[in-house]
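Visitor: Chain residues, written in single-letter form:
2 protein chains.
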Amino acid sequence: MQYAVRGPIVIRAVEIEKELEKGVSKPFKNVIKANIGDAHAMGQKPITFIRQVLACVCNPLLTECGGFPSDVVEHAKTILRGCGGHSAGAYSQSTGIDVIRRHVAEYIEKRDGFPCDPENVILSGGASESIRNVLKMFIRRDVNKKTGVMIPIPQYPLYSATVEEFNLGQVGYYLHEEKNWSLEEEELERSYKESLKQYDTKVLCVINPGNPTGQDNIYAEGSKFHSFKKVINEMGAPYNKMELASFHSVSKGYMGECGMRGGYVEFFNLDPQVFVMFKKMISAKLCSTILGQVVMDTVVNPPKSGDPSYNQWLQEKTAVLDSLKKRAILVKEAYGSIEGIKCNEVQGAMYAFPQIELPSRAIETARSLNQEPDFFYAMKLLESTGVCIVPGSGFGQKQGTYHFRTTILPQTELMKEMLDRFKSFHMKFLEEYK
Amino acid sequence: MQYAVRGPIVIRAVEIEKELEKGVSKPFKNVIKANIGDAHAMGQKPITFIRQVLACVCNPLLTECGGFPSDVVEHAKTILRGCGGHSAGAYSQSTGIDVIRRHVAEYIEKRDGFPCDPENVILSGGASESIRNVLKMFIRRDVNKKTGVMIPIPQYPLYSATVEEFNLGQVGYYLHEEKNWSLEEEELERSYKESLKQYDTKVLCVINPGNPTGQDNIYAEGSKFHSFKKVINEMGAPYNKMELASFHSVSKGYMGECGMRGGYVEFFNLDPQVFVMFKKMISAKLCSTILGQVVMDTVVNPPKSGDPSYNQWLQEKTAVLDSLKKRAILVKEAYGSIEGIKCNEVQGAMYAFPQIELPSRAIETARSLNQEPDFFYAMKLLESTGVCIVPGSGFGQKQGTYHFRTTILPQTELMKEMLDRFKSFHMKFLEEYK
Numbered sequence: 001m002q003y004a005v006r007g008p009i010v011i012r013a014v015e016i017e018k019e020l021e022k023g024v025s026k027p028f029k030n031v032i033k034a035n036i037g038d039a040h041a042m043g044q045k046p047i048t049f050i051r052q053v054l055a056c057v058c059n060p061l062l063t064e065c066g067g068f069p070s071d072v073v074e075h076a077k078t079i080l081r082g083c084g085g086h087s088a089g090a091y092s093q094s095t096g097i098d099v100i101r102r103h104v105a106e107y108i109e110k111r112d113g114f115p116c117d118p119e120n121v122i123l124s125g126g127a128s129e130s131i132r133n134v135l136k137m138f139i140r141r142d143v144n145k146k147t148g149v150m151i152p153i154p155q156y157p158l159y160s161a162t163v164e165e166f167n168l169g170q171v172g173y174y175l176h177e178e179k180n181w182s183l184e185e186e187e188l189e190r191s192y193k194e195s196l197k198q199y200d201t202k203v204l205c206v207i208n209p210g211n212p213t214g215q216d217n218i219y220a221e222g223s224k225f226h227s228f229k230k231v232i233n234e235m236g237a238p239y240n241k242m243e244l245a246s247f248h249s250v251s252k253g254y255m256g257e258c259g260m261r262g263g264y265v266e267f268f269n270l271d272p273q274v275f276v277m278f279k280k281m282i283s284a285k286l287c288s289t290i291l292g293q294v295v296m297d298t299v300v301n302p303p304k305s306g307d308p309s310y311n312q313w314l315q316e317k318t319a320v321l322d323s324l325k326k327r328a329i330l331v332k333e334a335y336g337s338i339e340g341i342k343c344n345e346v347q348g349a350m351y352a353f354p355q356i357e358l359p360s361r362a363i364e365t366a367r368s369l370n371q372e373p374d375f376f377y378a379m380k381l382l383e384s385t386g387v388c389i390v391p392g393s394g395f396g397q398k399q400g401t402y403h404f405r406t407t408i409l410p411q412t413e414l415m416k417e418m419l420d421r422f423k424s425f426h427m428k429f430l431e432e433y434k
Numbered sequence: 001m002q003y004a005v006r007g008p009i010v011i012r013a014v015e016i017e018k019e020l021e022k023g024v025s026k027p028f029k030n031v032i033k034a035n036i037g038d039a040h041a042m043g044q045k046p047i048t049f050i051r052q053v054l055a056c057v058c059n060p061l062l063t064e065c066g067g068f069p070s071d072v073v074e075h076a077k078t079i080l081r082g083c084g085g086h087s088a089g090a091y092s093q094s095t096g097i098d099v100i101r102r103h104v105a106e107y108i109e110k111r112d113g114f115p116c117d118p119e120n121v122i123l124s125g126g127a128s129e130s131i132r133n134v135l136k137m138f139i140r141r142d143v144n145k146k147t148g149v150m151i152p153i154p155q156y157p158l159y160s161a162t163v164e165e166f167n168l169g170q171v172g173y174y175l176h177e178e179k180n181w182s183l184e185e186e187e188l189e190r191s192y193k194e195s196l197k198q199y200d201t202k203v204l205c206v207i208n209p210g211n212p213t214g215q216d217n218i219y220a221e222g223s224k225f226h227s228f229k230k231v232i233n234e235m236g237a238p239y240n241k242m243e244l245a246s247f248h249s250v251s252k253g254y255m256g257e258c259g260m261r262g263g264y265v266e267f268f269n270l271d272p273q274v275f276v277m278f279k280k281m282i283s284a285k286l287c288s289t290i291l292g293q294v295v296m297d298t299v300v301n302p303p304k305s306g307d308p309s310y311n312q313w314l315q316e317k318t319a320v321l322d323s324l325k326k327r328a329i330l331v332k333e334a335y336g337s338i339e340g341i342k343c344n345e346v347q348g349a350m351y352a353f354p355q356i357e358l359p360s361r362a363i364e365t366a367r368s369l370n371q372e373p374d375f376f377y378a379m380k381l382l383e384s385t386g387v388c389i390v391p392g393s394g395f396g397q398k399q400g401t402y403h404f405r406t407t408i409l410p411q412t413e414l415m416k417e418m419l420d421r422f423k424s425f426h427m428k429f430l431e432e433y434k
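In order, the protein sequence lines correspond to chains A and B.
For reference, each letter of the first sequence is one residue, going 1 to 434 in UniProt numbering.
For reference, each letter of the second sequence is one residue, going 1 to 434 in UniProt numbering.
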């Protein structure tokens, strides 16, 4: 099992940070971590409304001190009424707090224009936990053929790692790099048909537009978020009878509240008997963190126009998304201008996946060390500049191509510095191995 | 897979609560849930210090408002300095926040008088998550013989459910009911030797004194908490070279912060190569909730004598433990005085496991319905009184004996009412089936 965004390169980056703290001399003064979508770690400030609600839920006396806007106080009180003993210290049902599940369902209904039953919404510790729970339903002990799970290439390592851990079969379908990582029906058909020789393929994972499903952070002109549930409902039969599990999380978007571990899955058309087993399975984990559930609530049920917190909330949200959009453009332009690098437009989410043309001597050197060439490149980059990115091989790529994944999360000044360090390393690398 | 504390009886209890809300007429006005160790849900108030620290970590502006004691503020600031970007919204390492792991290690050292390396401490979302992660290391795909896992009977359903889910072998060893659920070496030997016919038995689970390991809530005269790590260290070789994983949680004790999902495992003598794999395995879950980690910190690093928060903290802690002690006695005396019920002294933790002598007609009726007799009893109790307990069969019991598990968590008045309802039901039941 591999989990590249927390793999050897990242482990080494943490070690280097500790070496720097101890005064070890390096050709750089800090490590810049562009390996994982961790916005707050890279300097993004939390949304005030979210944190005020959290503080009031943690310490309900604060709802009486007059120090918080009335909508924050009301929000916190509504949630506390839904908690056992009116405390965030009580377990919820394994499915989550009812009032929050209702708010999620209302949010989905409003987004799609199609009904959503709160009973079909299950809250979890981040979207990752729900994704793992859903994939777990496909584990088989009694059959020779593994269940095939179709995942895009490049993928997010959660999928490959979980597929491996659960003894499922990984079925990759390639996204079309030259067409801005778009998906073509033919490729889906090819991948599915080929997989049937080896697997009983039953699951199609779609990540839209990149990990994770972005609903707010879409930057490119003409691009927009498409809800899968809305689309299959609009397509009518037989599509609107297909089993669908959709996920959302508080970790990305404009919130970036990764450490809070809030997320949900909405099931649609799930076989009722399977659903009973699913609920039984998650009961062994008791419940996901109540405070993570609370953050999910603030995301699906934010202040409305006219509420005391609305203006500040909107201003903070807009500022984050505008800044991400600027950095998306900055990254694409900066990488695109470097010799031997191609970078698609960052249309949404918070990542770029540039292609590197590696000199054949570098490829041979890497192979002689029993390393993937892009791993070799990324490790050298880290050791000589402190810039931490993830080799494309951890995400999957067409054979013979090399990439790296970088987030666009370092704040603008740090990002510019990162790009400078990167460019100068890359030029020296090309020179050394040409 | 079964998980009795969240099983059919509990699901029905939740339904009945919803029926009562809708105005359905019942012979009782509320459901009393004594099925799960959920202190806050049963009216216990949170410890002020814990919630103040949490509020400051969630909303760091509160550290500047002057409204909180200085030790709370310092505590929150220390934790925030250990967070990525000084925000609880950033991921931690998968192992947890370093400064909190250090505090846990200091707490263990102080408790045991033996060294503890923070690198051996892994924070998790409650102790359950760590227990599941540790058991996961014993999954085998390539061998015919399952790994046997020795668990006490009665056990806690987390163990049986996880053993089943991971395809391990459950090896029960009986606790001696007549000797206050004590453990005898002979029985351990018997159980181990018998298990070898079927399994490759490698794991011994000890729950001390009852789920979960209680370090604070021990009530019986002459009883005290024994740290396993301390004991095996004092015993010397070969015991002090054995692999040990010890767990703790914020969910029980005097805190009862179940919904926060904080816990840890300390490894001792773990094979270094296995440890590397363990850390890799948990990296696919990214990290446990930061705020759960924060609560763990407040538990292992509480106010010290002389600190501004100390007196209130000590008073609140003592009040909770004193009240639990009173209820432990109340429960034992009340059940012990009912015809056909035997109840051991509740020496620690927050549960009783009384034995019921069921009339043979009741047993026959249950069997004819394809139900366990204690399940039949518990469901009737719930339907006619609203009292929700868990049948002993969900925890394991000697064949031919019947028990139920109840928490001692309802606050004193509610507890008295619960005992009254129980007694009058039990008498009618005996009458009906005699």
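If you are wondering where the hints come from, they were derived from the structure by calculation, not from laboratory data.
Heads up, a few of these hints could be off.
In silico DSS-like cross-links for lysine-lysine, where the CA-CA straight-line distance does not exceed 25 angstroms [what the hints assert, rightly or not]:
| id | chain 1 | residue 1 | chain 2 | residue 2 |
| --- | --- | --- | --- | --- |
| 1 | A | Lys22 | B | Lys380 |
| 2 | A | Lys136 | B | Lys279 |
| 3 | B | Lys342 | A | Lys18 |
| 4 | B | Lys380 | A | Lys145 |
| 5 | B | Lys280 | A | Lys146 |
| 6 | A | Lys280 | B | Lys197 |
| 7 | B | Lys380 | A | Lys18 |
| 8 | B | Lys18 | A | Lys280 |
Visitor: None of the hints should be skipped; say for each whether it holds.
Guide: Hint-by-hint comparison with the structure:
Between Lys22(A) and Lys380(B) the alpha-carbon distance is near 66 angstroms, which puts this suggested pair outside the 25 angstroms criterion. Among the hinted pairs, Lys136(A) with Lys279(B) is consistent with the structure: their alpha-carbon atoms are about 21 angstroms apart, no more than 25 angstroms. Between Lys342(B) and Lys18(A) the CA atoms are separated by roughly 59 angstroms; this puts the pair beyond 25 angstroms, and the hint is violated. Proposed proximity of Lys380(B) and Lys145(A) is contradicted: the alpha carbons are some 45 angstroms apart, above 25 angstroms.
Of the supplied pair hints, the one linking Lys280(B) and Lys146(A) holds, its CA atoms being roughly 24 angstroms apart against a limit of 25 angstroms. Restraint check for Lys280(A) and Lys197(B): the C-alpha separation of about 31 angstroms exceeds 25 angstroms, so the hint is violated. Between Lys380(B) and Lys18(A), the direct Cα distance comes to roughly 61 angstroms. Violation of the 25 angstroms bound is thereby established for this hinted pair. The suggested pairing of Lys18(B) with Lys280(A) holds, with an alpha-carbon distance near 20 angstroms, which does not exceed 25 angstroms.
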